[in-house]
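Asker: Numbering follows UniProt numbering, in which position 129 of the sequence shown is assigned residue number 129; successive positions increment by one, without gaps.
Any given hint could turn out to be false.
Stated by the list, open to error - Distance condition first, Cα-Cα at most 27 Å in a straight line; then the derived DSS-like pairs of lysine-lysine:
#: 1; residue 1: Lys-187; residue 2: Lys-95
#: 2; residue 1: Lys-196; residue 2: Lys-89
#: 3; residue 1: Lys-89; residue 2: Lys-182
#: 4; residue 1: Lys-196; residue 2: Lys-100
Stated by the list, open to error - Distance ranges between label pairs, derived from CB positions:
#: 5; residue 1: Tyr-32; residue 2: Lys-158; range: 33 to 41 Å
#: 6; residue 1: Gln-148; residue 2: Ala-24; range: 32 to 40 Å
#: 7; residue 1: Lys-196; residue 2: Lys-30; range: 53 to 61 Å
#: 8; residue 1: Glu-170; residue 2: Lys-194; range: 35 to 43 Å
#: 9; residue 1: Gln-143; residue 2: Asp-74; range: 31 to 39 Å
#: 10; residue 1: Gly-128; residue 2: Ala-12; range: 55 to 63 Å
#: 11; residue 1: Thr-207; residue 2: Asp-80; range: 47 to 55 Å
#: 12; residue 1: Asp-29; residue 2: Lys-145; range: 41 to 49 Å
#: 13; residue 1: Leu-211; residue 2: Phe-188; range: 15 to 23 Å
Everything labelled a hint here was simulated from the structure, so no lab data went into it.
We put the beta carbon where it would ideally sit given N, CA and C, even for glycine.
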Amino acid sequence: MGWLARCFQSQAVQLSAARFLSLAFSTLDKDYLASRSDPSARDFLLWTVTQFRSHEMSSAFAEQVAKNITYLFDTVVRSDEALRWFCHKLCSMCKFEVVKLPNEATRRINIFKVAAAVILKVEPSHTGIVVDAFLPSLYREMQGKSAQNTEVLEQISKEVAETMKGRIGEEEFTKRISECQKQSAAKFELRKRKQKEELILDPVYATRKKLRRNKAKSGARRRKFGQKKRLRTGKSN
Numbered sequence: 001m002g003w004l005a006r007c008f009q010s011q012a013v014q015l016s017a018a019r020f021l022s023l024a025f026s027t028l029d030k031d032y033l034a035s036r037s038d039p040s041a042r043d044f045l046l047w048t049v050t051q052f053r054s055h056e057m058s059s060a061f062a063e064q065v066a067k068n069i070t071y072l073f074d075t076v077v078r079s080d081e082a083l084r085w086f087c088h089k090l091c092s093m094c095k096f097e098v099v100k101l102p103n104e105a106t107r108r109i110n111i112f113k114v115a116a117a118v119i120l121k122v123e124p125s126h127t128g129i130v131v132d133a134f135l136p137s138l139y140r141e142m143q144g145k146s147a148q149n150t151e152v153l154e155q156i157s158k159e160v161a162e163t164m165k166g167r168i169g170e171e172e173f174t175k176r177i178s179e180c181q182k183q184s185a186a187k188f189e190l191r192k193r194k195q196k197e198e199l200i201l202d203p204v205y206a207t208r209k210k211l212r213r214n215k216a217k218s219g220a221r222r223r224k225f226g227q228k229k230r231l232r233t234g235k236s237n
């Protein structure tokens with residue numbers, strides 16, 4: 001079944017492969033999957049997570065991938081090391097979409113849903129690993145940092161964050177959010193320092209970069225306004 005998990009020819013083939021794998025997983029005993037070595041259940045999980053790197057991803061395909069990942073989670077993740085590995089792989093897919101496909105949100109929406117399922121699955125002693133991994137990405141969307149799909153990303157991230165707060169408690173959650181705020185502020189200051197250095201070392205390049213950045217911000221503001229206007233119009237109807 002390995003070639004199905006690594007099938008990237010087209011959206012239709014990818015979706016069909018993901019659905020077939022879902023049926024296959026549902027008919028196989030989890031202990032049997034866990035006992036396999038070539039390919040191992042971890043290989044299948046890695047290949048399935050990697051499907052989020054597809055540059056053509058429909059909502060139906062992303063949802064099926066998320067379901068397959070959630071199913072394989074119980075079979076693969078049976079240690080702290082495996083849980084950290086799992087969270088790291090999914091968080092890297094969030095960063096991939098932010099950097100490479102900033103106008104899309106399908107991957108992050110479904111990965112956040114997986115995170116919500118995982119935080120409910122793990123033992124209380126392991127919740128910290130999941131929160132530490134996913135909360136920075138959730139916090140980013142809670143602050144409305146994305147130029148596109150801002151409303152839906154903000155909503156799903158807040159819902160998942162509430163689920164996390166329910167598992168770890170309000171006091172611990174507040175502490176983790178404060179850490180995210182500090183990390184975000186530190187990254188902002190680092191970017192400002194780099195921009196100043198670029199302005200000194202290469203003023204022409206720095207000026208062009210700033211113009212591109214301002215143009216992108218202006219476009220993002222117009223898109224956000226358009227999204228909010230459409231939402232208000234829809235509600236009024």
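Asker: Take the hints in turn and mark each one as holding or not.
Answerer: Comparing the hints with the structure gives:
1. Of the pairs offered as hints, the one joining Lys-187 and Lys-95 holds, with about 15 Å between alpha carbons and a cut-off of 27 Å not exceeded.
2. Only pairs whose Cα atoms come within 27 Å are accepted, and Lys-196 paired with Lys-89 is rejected, the gap being roughly 33 Å.
3. With a C-alpha separation of about 24 Å, the suggested pairing of Lys-89 with Lys-182 holds against the 27 Å cut-off.
4. Of the supplied pair hints, the one linking Lys-196 and Lys-100 holds, its CA atoms being roughly 25 Å apart against a limit of 27 Å.
5. Remark: the range hint 33 to 41 Å for Tyr-32 to Lys-158 is upheld by a beta-carbon distance near 39 Å.
6. Checking the proposed 32 to 40 Å range against Gln-148 and Ala-24 shows it holds: the Cβ atoms sit about 35 Å from each other.
7. Remark: the range hint 53 to 61 Å for Lys-196 to Lys-30 is upheld by a beta-carbon distance near 54 Å.
8. Between Glu-170 and Lys-194 the CB atoms are about 36 Å apart, so this pair conforms to the stated range of 35 to 43 Å.
9. Between Gln-143 and Asp-74 the C-beta distance comes to about 33 Å, which sits within the given range of 31 to 39 Å.
10. Between Gly-128 and Ala-12 the beta carbon distance is about 41 Å. The supplied range of 55 to 63 Å is therefore violated.
11. Here the CB-CB span from Thr-207 to Asp-80 is close to 48 Å, well matched to the stated 47 to 55 Å.
12. Checking the proposed 41 to 49 Å range against Asp-29 and Lys-145 shows it holds: the Cβ atoms sit about 43 Å from each other.
13. Between Leu-211 and Phe-188 the C-beta distance comes to about 20 Å, which sits within the given range of 15 to 23 Å.
The structure shown violates the earlier hints numbered 2 and 10.
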